[in-house]
Structures are given as structure tokens and as C-alpha cells.
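A.B. asks: Protein chains in written order, with my numbering: chain P, 1 to 97; chain W, 98 to 413; chain S, 414 to 805.
Derived by calculation from the structure, the hints in this document are not laboratory data.
Where a beta carbon is used, it is the ideal one built from N, C-alpha and C, also for glycine.
Careful: at least some of the hints might be erroneous.
[Unchecked claim] Just a few of them, taken from the derived set where beta-carbon distance is under 7 Å, the chain S residues facing chain P: (1) R512; (2) M611; (3) P618; (4) P623; (5) V624; (6) A633; (7) W635; (8) Q636; (9) I637; (10) T690; (11) D693; (12) S750.
[What the hints assert, rightly or not] Negatives, chain P to chain S, calculated, CB over 12 Å: (13) G16; (14) K29; (15) V39; (16) G79; (17) V93.
[Said to hold, decoys possible] Listed below are the simulated PhoX-like cross-link pairs for lysine-lysine, each with C-alpha atoms no more than 20 Å apart in a straight line: (18) P/K44 to W/K112; (19) P/K64 to W/K112; (20) P/K69 to W/K406; (21) P/K64 to W/K366; (22) W/K347 to P/K69.
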Amino acid sequence: MAKVDALVGWRNLEIGCAITEPGSSRKLKTGDWRSQRPVTDRDKCIKCGMCWIYCPDIVYSPTKSGYFKWDGNYCKGCGICARECPKDAITMVMEGE
Amino acid sequence: MMDAALKDFKRFTPKTLPKMEAIAQGHRACQGCGEVLALRMALKAIGKNMIVASATGCMEIITSPYPQTAWQVPWIHVAFENAAAVASGIEAARKVLMRKRRIPRQRTTIVAMAGDGGTADIGLQALSGALERGHDFVYICLDNEAYMNTGIQRSSCTPYGAMTTTSPPGKMSIGQHTWKKNVPAIAAAHGIPYVATASPAYYTDLMNKAKKAAMIKGPAYLHLYSPCPTGWRHAGDLAIEISRLAVKTKVFPLYEVVDGRYILTRKIKKPKPVKEYLKLQGRFRHLDEETIEEIQQRVDREYEALVRKAALAEAE
Amino acid sequence: MPKRVGMEVSLAASEAACAADADLIAAYPITPQTHIVEHLSELVADGKLDAEFVPVESEHSAISVCVGSSAAGARTFTATSSQGLALMHEILFIAPALRTPIVMVVANRALSGPISIWNDHSDIMAERDVGWIQTFAENGQEVFDLVIHAFKVAEDPEVLLPIMVNLDGFTLSHVVEPIEILSASEVSQYLKPYKPQMVLDPKKPVTMGPVGMPEVYTEARWQIESLLRGSKKVVVRAWKEFSKHYGRTYKPIETYRTRGADVILITMGSVTETAMTAVDGMREKGIKVGLVRFRLWRPFPIEELKRAVTGVKVLAVMDRAISYGGQGGPVFTEVRSALYGQSGQLQVFGFVAGLGGRDITAAMFEQMVKKAIRYAKKGKGPLYELMGVRER
Ligand SMILES: Cc1ncc(C[n+]2csc(CCOP(=O)(O)OP(=O)(O)O)c2C)c(N)n1
Ligand code: SF4
Ligand code: SF4
Ligand code: SF4
Ligand SMILES: [Mg+2]
């Protein structure tokens, strides 16, 4: 994916090799680095947002309902969210289980 | 001068955190990286009206491998040691361009960011110059206590006793044999309006400090504690826990220096033993009891000195 | 009408940046560049130039501030010399890579060690390959004109590369000459305001200076190389336009009495006048010698050089820098390689002179020419020769 994008001729490179599409890293699905995945039990969740703010990979996003939505495309499975959830609402499970 | 700049300052609370992200998903930081997390929080607090000048280092590498960028705000990388100088140029250029009415008059936060190596070692001169000249910018030092990008070599911010690839413990060495350089104190010695230390564990505190730093006119220096699971050899889910312990053991005290006055932003009344902090990290695994005690005493002494500075400021 | 005034050449360099309405100047003092930055800070302090003067703590920061400034859209100027230029080295490569059209005056001075404040070209020759356009001035008027011209070329959307304008330290920088100083309004007819093409702006976020993965590094470097080579036509076009506006004409390769010459002396910089005197003297003695000078050093003007030496049998090339352990001075090796295979007749000989402020006299030029003629007759000469060096 990345490689195909990069194969531009020098004449088509932006001035100074700049990247003009902000946030284009979203094309890189870092979710495939993961061996474990956090699973949230919404019954326990108090919508505090710790999982959202403590995630280094910006995996959770706030929703209207007040819960936080997990995006498997980018979660690297570090487990910080599970450890920091004050209600132990998040558990890490092995991928494929 | 502080008070005037901060008259519109409103604290973030867990319920009022901004949704804006300066860095997008898909960045290549290691699993559980505390450095990108600290950076993410600080930039969220500053908001999207900013321009970032980055030093070479982990954060530069993981956000910008061509052809993709994680940056959603204007960002420039020039070299390892000159983030503060590049930021100076951007700030001064915008100032004159506004004066000459070539760009709209609008306050944009100019951010310089670098690791501990890019700040305390190779970039210290450029930083000192920029602070002394009084540019209106925010300097963010992301302190993961070693040169991580090049493979965990020691820096002058590496703590005493830590193992790195260039401070390996051995028959003749305990590992790093120098004490961590006090960069916030060096920054404060420039007489700049705002210096603060912050930890991602205390995210509202970190974000409030970042916001203040951006609002204040003139140079502001933020020293952000940035756990690195790869270099510190700790479990991937521990970045926040270790950040919290660093504060609770007084290893990394949280404070501000506002117009030269020290303010402890989190007083540690019942400190935890330093050993609890050290034992979670493989980089300290080789330390014997005697060395740990030596570290404990040093940590206590430095914290006391800080408390005295804060008390002095309060008494004034 | 532009006025002609007696002025120290250093100040003329500053006046040019002022007439060009530079927005930002970041510089660090070093002899013999000091008068340039001093005068610029004066012009800013007196409100004659509306610019930011950033008094940096080193040349490394000077050029870094300039890169940031240019990326933010400001017309940016700096000046340095010798050790300062060497300290900038790392960032000199990055300025063209980021396409920042900075204009820098280099008051050429010897590099340490031993430390020497006096003139030669060892500083600039060490920075030949950094991707900057490089021009050389021979007198004060040229310094003023070339600085104005530099902004015009650097900021051309077809170019967007930084430029170094070289002038010899002391021998040129510190002399007082009659110079026609154009006013800002006169210059503005020739030099339009800078319109940045890629700029740091929160309204349109761009990522400048990303990591060059192997899939793109080659193309990124070739972009600079192609643009630098291509810049020659812009350089020439801008000189033609300059001539139309102000009547003074510049060419990539300047010639003097080359018609019918058998031997040509090649130099650059402020030794020109001495070299001309030497040529005149030799012509009087019946030696058919002419003079060729590089005005444009990067991009290397191959075609113009070839044209200038057509029909010539012997070249004596003078360098003002040693290329340690190499095959001769940089100008010599480049000239020889540019002309390789050109004509079976042409022989090229290299001479190094005037290191660290050592005098270059007309007699010395005559010696070079005579030696070159002698070597050519024998069909061989030394690898290159350092003029006037004492053995014991
Ligand atoms: C002049 C120069 N010297 C050395 C390097 C190699 N280098 C790049 S990043 C780096 C270490 C970065 O360490 P730090 O600033 O602490 O950032 P981190 O990667 O830990 O976030 C080094 C040594 C370089 N790029 N440039
Ligand atoms: S941290 Fe836990 S309780 Fe808080 S929002 Fe996330 S899942 Fe819910
Ligand atoms: S496991 Fe790590 S990466 Fe995944 S959502 Fe939780 S904190 Fe984010
Ligand atoms: S090496 Fe450390 S600081 Fe660098 S990306 Fe990995 S975890 Fe983060
Ligand atoms: Mg580091």
C-alpha cells in the first residue's frame, strides 16, 4: 500500500518532498501488530474516557452515547486501556479467540 | 505579565477535554509508547492553530515516513539539534509578515519538540539561544531518558544506574554513572515566563500546563515524562502506571516555574519507596540494594530542595 | 536616478538585502563578514528596513532560523564566512531539500587550521555539493547586483533553491568602492514580492521534511539536482532582465581578451583585476593569453566554459583552495573533467595560490601562464602546483 503510493517520479513529487494530505497515516493499519485485543463491557463502563485519553494510538473515539468506540484498525494491543480503566470494564483477549 | 496572558485560561477537566488530535492514527510508535502519548496530550491541549518544528528522534520517525504523515497540523523537520532554532525562524518570520500585512494577524502557537537527547545534549545550545532571545513559542522536551531512536543509548537525562546500550552495567560499571541533568532548571535560569514538568499519568495537569504554555507570551518550556517500554524494558501496558509511580516516589516531581517562582503542582505527602518504581523496569534490574538506597537518598534530597524553592516563592 | 556613492563593499551587501526588502535576517558575526551583519542590524534598528533581525547564538542556528523563516514564507537573508559556513554544513544540504530560497552572502575566508581570518576559497569549495546556486562577485557593484539577482532567481517558482553570493573576504569585503545603490522602489520594478509555494500555515497543514524512505530518496535528490541544473536558464534570464533595468550585464562565464588566445587563465573572484593586468602585460610581450572567470560556479556552466575555450591549446587554472589528497584544486579538476575528450590539443594545468591571504600578484599569474606553456610543450606537468610555497 505505502510502497505503491511512494512510487512517484521526481517531477510529481511535491515541492521539497512535502506531504500535503494531513493524517494520511490512517492508511497504515497498525492493528495488524496486535496479538491481544481489548474488549469493553459496557455494563461496567462509566464513560469516564480514561481509555480514550490514555491510548497512545488514538484508537478510541467519543460517541454521542457517551461510550467510547474502539477501532481495531489501529489498536496495537498494548493493554494500557485495560490496565487504566477504573472500573475494570476492559479485558484483554488473545486475537483469534 | 503572566496574569494578563492567562486571564481567559480555563482549566480542562476530564469532561472538557478537546476532541481535536494533532496526530492521526497509523503512526508507527511501538506498542504502548508513552512518548507519543505525552505528545498527543500536549498537542490536544494547544489546539489546531499551531505550527510544529520537530527534531530528529522517535517522534519524527514514527509520524513521517514518506509518503504518509500522521500530522494534521503544519509540521517541519529539519535536523536533530535545531528544533528551537527552526521554531525561532518560524515565529520571527510570522511576526514580520503580520506586521507587513502579508499574512492575517492571528496568534498561532509555534511549537518546538525534541527528545531528551535533542534537548539536553545536542540541542541545548539552540534551545538556550531561543529561550534567551524571547521568541513566543512552546518548547516541548519529550524525556524518555535515552536516545531511543538510535537504539537506547544514554543521554544526559538518563537516570543514575540505568542500563542503556552505551551505559551497560559490567564488572567496572553500575550502568549510567551520572545523575540526570536538570533541564527544567536550566530553562528556568533563562528567566523565561513559564517552565513546567508534567506526566501523562496526570493528564489534566499535563494538558493544563500545555495550554498555559501556549497562552503565555514569550518562551515556555515543558518537560514531559515519556515512558518508553522498548528502552526501559517494561511491560507494554505500564506506561501510565510507571508515570504515576515516578511522581509518587518523587523521582519525577510535578511543578511549574512561573516568572521564576517555583510552584509544586502535586505535593507528595506519603511518598512510595523508589524501589517500587525501579523494579518495574528492566533497565534497573541489575541494581543492588546499596545503589538503590543511594538513589533513594538523592531523590529525597532533590525533592527537599524543590520543596524549599517552592516554600521560598510562597513566602515572598 | 540611482546614486553612486563611495561605500565599503560589506555595507553594499547589506544595502542590497535592504533594497530587496528582506523580511528576516539571522546571522552570527565572523570576520570578515561582521560589517555586513552590523550594518543590517543598524538598518533594522533605524527603521530603514522593516525586518526581523534574529541575533542567533551560532551559525548552525542562523541557517536553521533561515530555513524555518523561509518555510514560513518570509524573504530570508544571511551572511557568513569560513568556520561559520562550515558549522552550517549539515543544514546547507537541507535548505535546498526543503526548497527554501534563502540568500546568503559568503565573505570567503580560509578554513582552520591553523586559524586564519584571511581570504581564500577553502570555505566555499568545501560546500560545492550542497545543492545551492553559487555566484562570485569581483567588485562592490557586483556584490550589490548579485544579491538582488540572487533573490530574483532563488524565489523563481521554477527554482526555489537557496543561493550563495561569494565575495572575497577583506580584499573585497573591506574596500571602499564607488557603488550605485538602487533604492527599494527601483529594485521593486525588477524583484517582485516573494510568493511562497509551500508554506507552513495552519489553514493548510503540510508535512515538510518527512523521512525519505528508499522508495523516494532517489527521486527527492534528483529533484534538487534537476532543478539546480535547470536553474541556469533562470539565472541567465534574470541577468538579462537585470541588464534591461539597470544596464549592467552579467554572464555565467566572463571573458577578457580571449579572442585569438592560445593560452587561457581561469580564475574567479576579486583577483580579476590583477589577472587582467597580468594578461595585458603578457599580451604586450606577445604572449597570446586571455582570461576566463567563473561568475556562476553552481550549476557548473559547462557549455559556456567550452565555448569560451574553443580553439585554445593551453589552460592554466588557478584555485584558491587545496583539495587534500585529491588530484588538484576543485576548479582545476572540474574544468579538466568538463573538457575531457573535447579536443586532442587542449592541455589543462592546475595552480593553487593565495591561500589564507597570501598575495596573488600579476607576476604570479605570468609565472602560471609561462609554466603552463612550458608543460604543454613537454606534454606533461606536475599533478598541480602550489605557487610560492617554501620548502625549507
Ligand atoms: C547531528 C546528528 N547526530 C546524530 C544523529 C543520530 N540521532 C538521530 S535521533 C538520535 C537520538 C534521539 O534521541 P532523543 O532526542 O532522546 O529522542 P528519542 O528518539 O529518544 O525520542 C540520534 C543520536 C543525527 N540524526 N544527527
Ligand atoms: S476507561 Fe473504562 S470506564 Fe472509562 S470510559 Fe473507558 S471503558 Fe468506560
Ligand atoms: S490496547 Fe493499547 S492501543 Fe489498543 S486501545 Fe487499548 S490502549 Fe489503545
Ligand atoms: S522506542 Fe520508545 S519512545 Fe521510541 S517509539 Fe518505541 S516506545 Fe516510543
Ligand atoms: Mg530520548
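A.B. asks: Evaluate each hint against the coordinates.
C.D. replies: We went through each hint and held it up to the structure:
| no. | hint | verdict |
| --- | --- | --- |
| 1 | R512 | 4 Å, holds |
| 2 | M611 | 4 Å, holds |
| 3 | P618 | 5 Å, holds |
| 4 | P623 | 5 Å, holds |
| 5 | V624 | 10 Å, violated |
| 6 | A633 | 4 Å, holds |
| 7 | W635 | 5 Å, holds |
| 8 | Q636 | 5 Å, holds |
| 9 | I637 | 9 Å, violated |
| 10 | T690 | 46 Å, violated |
| 11 | D693 | 48 Å, violated |
| 12 | S750 | 25 Å, violated |
| 13 | G16 | 4 Å, violated |
| 14 | K29 | 18 Å, holds |
| 15 | V39 | 35 Å, holds |
| 16 | G79 | 28 Å, holds |
| 17 | V93 | 34 Å, holds |
| 18 | P/K44 to W/K112 | 19 Å, holds |
| 19 | P/K64 to W/K112 | 14 Å, holds |
| 20 | P/K69 to W/K406 | 45 Å, violated |
| 21 | P/K64 to W/K366 | 40 Å, violated |
| 22 | W/K347 to P/K69 | 35 Å, violated |
Checked against the numbered hints given earlier, this structure breaks hints 5, 9, 10, 11, 12, 13, 20, 21, 22; the rest are met.
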